[in-house]
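K.L.:
Sequence:
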Amino acid sequence: MMNIHDLTDAFQKAADPEKASIMAAYMKHHFDFLGIRSPERRVISTPFLKAWEAGRKPVDWGLIHELWERPEREYQYVGIDYLKKSARFLMPGEFEDMKSIIMKKSWWDSIDNLASGPVGQMILNAPNQVTTMDAWIRDENLWVRRTAIIHQLSYKDQTDEERLFTYCRMHSGDSEFFIAKAIGWALREYGKTNPEAVLKFVDETPLQKLSKREALKHLR
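If you want our numbering, it's the position in the sequence shown, counting the first as 1, plus 277.
FYI, nobody ran anything at the bench for these hints, they're computed from the structure. Honestly, I wouldn't trust all of these hints.
Claimed, not checked - Result set (PhoX-like, lysine-lysine): computed pairs, CA atoms no more than 25 Å apart in a straight line:
no., residue 1, residue 2
1, LYS361, LYS376
2, LYS458, LYS486
3, LYS477, LYS458
4, LYS458, LYS433
5, LYS376, LYS305
6, LYS494, LYS458
7, LYS361, LYS469
8, LYS494, LYS469
Remember, predicted model here, so these are calculated numbers, not experimental data.
Put together the whole structure using the sequences plus the hints.
P.N.:
Right under this line is the structure:
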């Protein structure tokens, strides 16, 4: 069976140091890269995801954690692709595993994909587990809080409006860029479904300028 060592061999053959330098710079040098762009990475990783039965059985968290241990960012992207494919299998007992990778090697590229995809689907899979988001919105880790704010991004008319507005109100005075941006983004997305509610919320809530600007981007 294909394993991560086989994936490493395939990635090493495709590695491009020049592209790696550009990609690392784009991510503010938070991570090392092999220099494999998304389209090529997916071509390489697709046979592995099939062999690992991503989307066809429960998540192999040992595999996910091993991908997160690898220094190059492309491995985490493979893990995210795996989790997206397997989102319907994610169960309440796996929130701690999910939180652990949210808190490790955290940056917007991983968090936004995990929050709006697998985490959001976990709540849809088990709606009574939304209390986990109620805990995460109070977490000391900013990336966990950001996840809670944007986990409903793809919900559209399934959005829990009261909870969304409550989360945004709780952190409306937070000047942290990634929190203020998340609030604006979450409101902007919901504004595509219920613009009147978002306009009213923005008018009545003292938001950071960044949050307000992002929320109203397509409304005014």
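K.L.:
Could you run down the list of hints and mark each one as holding or not?
P.N.:
Going through the hints against the structure:
Simply put, LYS361 and LYS376 have alpha-carbon atoms about 15 Å apart, close enough for the 25 Å limit, and the pair holds. Taking the CA atoms of LYS458 and LYS486, the gap is about 10 Å. The hint holds against a cut of 25 Å. Between LYS477 and LYS458 the CA atoms are separated by roughly 19 Å; this keeps the pair inside 25 Å, and the hint holds. Of the pairs offered as hints, the one joining LYS458 and LYS433 holds, with about 19 Å between alpha carbons and a cut-off of 25 Å not exceeded.
With a C-alpha separation of about 23 Å, the suggested pairing of LYS376 with LYS305 holds against the 25 Å cut-off. Note on LYS494 and LYS458: the hinted pairing holds, with a Cα-Cα distance of about 12 Å set against a maximum of 25 Å. The suggested pairing of LYS361 with LYS469 holds, with an alpha-carbon distance near 23 Å, which does not exceed 25 Å. Using a Cα cut-off of 25 Å, the hinted pair LYS494 and LYS469 holds, with the two alpha carbons roughly 11 Å apart.
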